[in-house]
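**Q** Position chain B against the provided structure of chain A, taking the given hints into account.
Protein chains: 2
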Amino acid sequence: MYMSHLECPKCGATHDPHKLTQLCSCGSPLLVRYDLEKVKANFKKSDLIGRKPDLWRYRELLPLVDEKNKVSLGEGMTPLIHCDTLGNEIGLPNLYLKDEGIIPSGTFKSRGAAVGVSRAKELGVKALAMPTNGNAGAAWAIYCAKAGIKAYIVMPVDAPAITRNECAIAGAQFYLVNGLISDAGKIVGRAVAKYGWMDASTLKEPYRIEGKKTMGLEIAEQMNWEVPDVILYPTGGGVGLIGIYKALKELQAIGWIGEKLPRLVAVQAAGCAPIVKAYEEKKPASEFWNNASTVAFGITVPKALGDFLVLEAVYNTGGCAVAVSDEEILRDQAEIAAKEGLFICPEGAATLAAAKKLLADGWIKPHEKVVMLNTGTGLKYPDTVRVEVPTLQPDEDIPVA
Amino acid sequence: MYMSHLECPKCGATHDPHKLTQLCSCGSPLLVRYDLEKVKANFKKSDLIGRKPDLWRYRELLPLVDEKNKVSLGEGMTPLIHCDTLGNEIGLPNLYLKDEGIIPSGTFKSRGAAVGVSRAKELGVKALAMPTNGNAGAAWAIYCAKAGIKAYIVMPVDAPAITRNECAIAGAQFYLVNGLISDAGKIVGRAVAKYGWMDASTLKEPYRIEGKKTMGLEIAEQMNWEVPDVILYPTGGGVGLIGIYKALKELQAIGWIGEKLPRLVAVQAAGCAPIVKAYEEKKPASEFWNNASTVAFGITVPKALGDFLVLEAVYNTGGCAVAVSDEEILRDQAEIAAKEGLFICPEGAATLAAAKKLLADGWIKPHEKVVMLNTGTGLKYPDTVRVEVPTLQPDEDIPVA
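Those protein sequences? They're chains A and B, same order as listed.
Residue numbering for the first sequence follows the UniProt record's numbering, starting at 1 and increasing by one per position.
Residue numbering for the second sequence follows the UniProt record's numbering, starting at 1 and increasing by one per position.
Not one of these hints is a red herring.
Across the chosen pairs, the derived CB separations fall in these ranges: (1) A:150 to B:327: 24 to 32 Å; (2) A:50 to B:253: 22 to 30 Å; (3) A:59 to B:89: 22 to 30 Å.
These are computed hints drawn from the structure, not numbers from a lab.
All values reported here derive from a predicted model rather than from experimental measurement.
Note that beta-carbon positions come from the ideal geometry of N, C-alpha and C, so glycine has one too.
Next up, chain A with everything else stripped away, as it sits in the complex (with noise of 0.2 Å):
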């Protein structure tokens, strides 16, 4: 166990990983420090041949303590799928996805519970509770399940159904909201101050980032350590290109990739898109989102308490922060997945638009290697598509024209 502090980024405060710490006194999120000089002496590439392919394989830069605590249901390693025919067909021949729809509860969310949880576990905590538009509701409900710890639960009325299923059947105590994932957000703190639960909002504990950010790790190892041009990633609260960030950072410290990071993209729905305005008017922090709706609900995140997180990792990276219709998601949701064989969800058909949208602008070169983040299944989406189908009864024919 190689992590050393919790560290602010915002006035550098340090603090003890040792105890149950939500945000920093100064109000921010705090991040997971590790002695990556150790790190780098005592864990080579070789390390990882024949480890697990799930998350814990990159164990020496996760915050677990005890192997005895982890709580895992198998999660990570999700695979990296080249889209040749897409990919050729517009024009961008290295196009590939990775796909975080398979995965237990079949999104990313699974990545930052399976570390949290595993944490809060660790941490002696016994109840949590977090706001959710659904994904990470129904991933924490079952981590939580499997930890023995009590989730307290709250998702807007329009989060997708599915994740309703994924808390109850989990044995998680959840309810709706009249509102958004900030409204949920506000009872959540109320409960927390009132019952003394911990916090397991986005960003509100150190553990979750941590998680997300084997995402990065994965990328860069699945491409044997030769990280891609591009990285597309649907951002919300943003946490998993905050992760990857830090994750390629590190693999920099530790001498596992050279100097070049892939250009980070933060891609938005039109329908709420703060970072990419902040981006655009090139400030440092987003503004609250009035009015926010779109299809790729998972990204209906009005302000994110990481924003600044994000767009750090945009601007240093050389990367930018699109904004696509929601016309264009249900269009190359419906694109990738007749010519891919992908059934993603509309916060990952975002990359896909955005993508698009910036080889069209030359920002991204036709030669150069792209991966678009699918963040979940579209099995949990089944609005999204539309169905016309024929029934026959059993003694006719499928009629061929």
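**A** For chain B alone, kept in the frame of chain A given last:
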């Protein structure tokens, strides 16, 4: 490539594996055979080290001739989860679940589709057709999309609704039928006779088994080549069980596992239990089950073409066949989610119900190592979960008793 020929398990006839062959002329399904002596000489356990964690890592035991025909979405090496909380509670501390929900399309059908469609592509197939209880059709639809093969899919109106979305978005030609999968099969039979499409019905082509058998290879590898005492498998068409048995025999032949085989258990729903009836009557084949009906829709198969192979695997391993009720299935689906965080499908939950029964009977001993095969994610079966959730207004508090 070590594939030598196709063999009929009924009449012993052999067939050329390098052209498209469906059933044997005697009407039996065909099995792929390999030159196992050569495999034994050239393939070592250590060759697996460093190979990608997907089913293609076992390529020496797979029928693909040319790697370039591989149609892959990253399928395989699904988690094997130790259900320690639940296992200890019911008195089976060595209880494991192989979770086939963590795979493209969310079910084990993707294994058969990956290998089946790859071989179809290799053999020049341009269009294929199949009846399905939903999940197989969805899997073949997405792999056919990736391969550029036209897929005609016919499924019962009662098949899980989400599988319609998968077929639709993948661009399949698909139809519902007012009836059971046997009715869909007749429609497909008439169409392939008329149009010359490949018939991808269960066991009517030899390659789906080869994909499914990788579950057996993985269980052996994940248990470090010491096979468990019992494997419980939810049995409809039974291809997975046939495949697991075939895999284990092949592993014996190449010397990777010893004499001991796991006892294979065919689990069926009481509402459709032709294999169980045949087993209880010590018969080599089953009879058509009338008025089949169960919540575990994927195993609603009134008469499986490969019933004799399923029963052979059960008899030859000292296994058994057992039926469980819909009530037990739904009870255990909820229990494993709440205690292990595993949101599995009703078919998978049937294996837990069966394990409890066989433990109570003394057929399974408390110390034995038992693997339950969960064939798919619970996400595809929202109707099996009862959700009761209160809705709060933004200014309301979580009501804590």
